[in-house]
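Below are the chains, spelled out letter by letter.
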Amino acid sequence: MKKSMIYKTGLPAAVMLLVSLLLPMSAMADHYPPGNYATGAKVWSQNCGRCHNIRDARELTDSQWYTTVFHMRIRAGLTGQESRDVLAFLTSSNKPHRKSIIGAVKVSSSSAAGKADGKAIFNQTCIACHGGDGKGTLPGAPDFTDPKGPLAQSDDVLIRHITDGFQSPGSPMAMPAKGGNTDLTAADIKAVLAYLHKFTK
Amino acid sequence: MKHPGKFTRHALAIAIALAMPMTASADAAYDALKKQVEQMQKQLEQMQDALQKQETKVKQVEENTITRSEGKALETAVNEASEWKDPNTLVHMSGFASVGYVDGDNQDGSFVAGNFSPIFHFQYKDMFMLESEIEFEVLDDGETNVELEYMTIDWFVNDYVALVGGKFLSPIGQFRQNMHPSWINKMASAPPGFGHDGAAPTSETGVQARGGFPLGNMRTSYAVYAGNGPELVAEWDGSGFELDGIDANGKGADRDGKKVWGGRFALLPMPGLEIGVSAATGKATVTSIEDDTGTAPLLVNEQARDYDVLGFDGVWHYKSFVLRGEYVKSEIGNATTGNTANAASSEWKSWYTQGSYQLPGTRYEGVIRYTDFDSPSDNKDQEQWAIGLNYLFANNVIGKLTYESNDGKTGTRADDDKWYFQLAYGF
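So the sequence lines, in the order shown, correspond to chains V and F. Numbering-wise (my numbering), the first sequence opens with residue 1 and increments by one. Numbering-wise (my numbering), the second sequence opens with residue 1 and increments by one.
Treat the hints as calculated values from the structure; they're not laboratory data. A couple of the hints might just be wrong.
[What the hints assert, rightly or not] Restraint-style ranges between C-beta atoms, simulated for each label pair:
(1) Glu147/F x Ala120/V: 50 to 58 Å
(2) Ala253/F x Asp164/V: 56 to 64 Å
(3) Ala152/V x Glu143/F: 52 to 60 Å
(4) Leu359/F x Ala120/V: 30 to 38 Å
(5) Met218/F x Ala120/V: 20 to 28 Å
(6) Asp117/V x Val91/F: 37 to 45 Å
Where is the CB? At the ideal position from N, CA and C, for every residue including glycine.
The shape of chain V in the complex, shown without the other chains (with noise of 0.2 Å):
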């Protein structure tokens, strides 16, 4: 009898015990690492849809999505750095951005690129949603192989839809504002999409 109770009790309560000092121990929040917005923008779309419809990346507030990421940590198994790391995504994509005017960022075809690295901003920002082939890899993000798809658009369209983000016609959620990294300049903007229409040649 007591036997069994030890094993039915305290078996179970002496792994978690073990697991728990096994693993390293760091209560304080102030002592981790930062967010990755790259890394969240990958695991974020990696994961949330396999059990639901992705929400938009805009849809609530800093801190909704403070507790809400928390609450999918647990849900989804997730470990505490790929939580912060699509905090940093989501955050991120909440930043206002002021809109861009229609003309202001001309794009010639001499200008394009400049210094800037298209592919390796992709590579950061743009691949976790819309795929290295460019064929998306989410529900509703379009096909940019496609001749007549969205980047058959003249580029000053394009940039506009870059740079204050876009709702392609029958997806359910919409592009964040420069595919929510703030950082990206006008520049890049010109690089990433001189790199976008590589996938139509």
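Fit chain F to the given chain V structure using the hints.
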């Protein structure tokens, strides 16, 4: 001098004659000067007016203009206005609800209020979170049923472990812990065996450790728990008992004094793919009787019996295509000693597989699901094909049209085919 007075008069007359035009000339100059002064005064007044107006305009501009630093401060204030003031404590409410219409072979079509399930989150820093889901459900007779689906305090011990205490959703399998909310479940109904009193446990009261960790290039997630365990329900048919079901809805007390422990381990070898295995073991005891005859004997010194659960689950997600499946078996062992309502062993098992696909460029989604549920009671055994067409008003607002083709014992509810229309909203 001869006639000097006459000379004087002449000279005076001449002087006056000469002086007269000069006086007239001075008057004209004076008038011109006066006019000029008046004009200048008028211009000065006009300039003063203009200056006054300009000053007013400048003041207005100053009043309506902010500096760059003031603008930055304003922008910061606006950004922070919607955020919680105390960053150490956050409060948030989410949840889900559904309404709809259901029509079956042997039942009249009815509008249903579905359920309303708010979820509350209270978080202290990165360390603790209290989360709770309360389900409100309108029953057939109009009464409202309120149930605490779960209520836990989660302690985020470190990046890989969270200790969870309270009443929590069973970590056995996927459906109960992750898929049951109506805005997530792509069908309007739960697969047979995965609802309440089915093959899969729904919730547990106890403590669990859960989290995830990387394994090479793969990811993992785990949950280990210990809890009060389920209770058994026996049905009296007038001549004897049979086990009617396992009540695996987190109990507030361990009335048989036998704990249950178990958990789930999942491997995510590549993005979009998750494979999980679950198990639980312990003891369960008959604690209640269902008796329509009123002749059932009282249960005295009912003995605890073995309780074991085994489950497998998997999901593959590629773009807008999701394929998932789950198997769960709950088994009650033989009663070899003491009193029992039914000495024979019993098992409940169910498995389902479901595929869903959102048509590219549209908000329409097709779903198909197959389920096979076996229980000790033939009346509840059910084989089901379900097909559905969903419309995503938004990713969290979904209209569902679901048809269930059910195959069960003739004359039972398990054999009734059903139509559902449901509008589910996740908030």
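Worksheet item: Does the structure break any of the earlier hints, and which numbers would those be?
Response: Nothing - there is no hint that the structure violates, so all of them hold.
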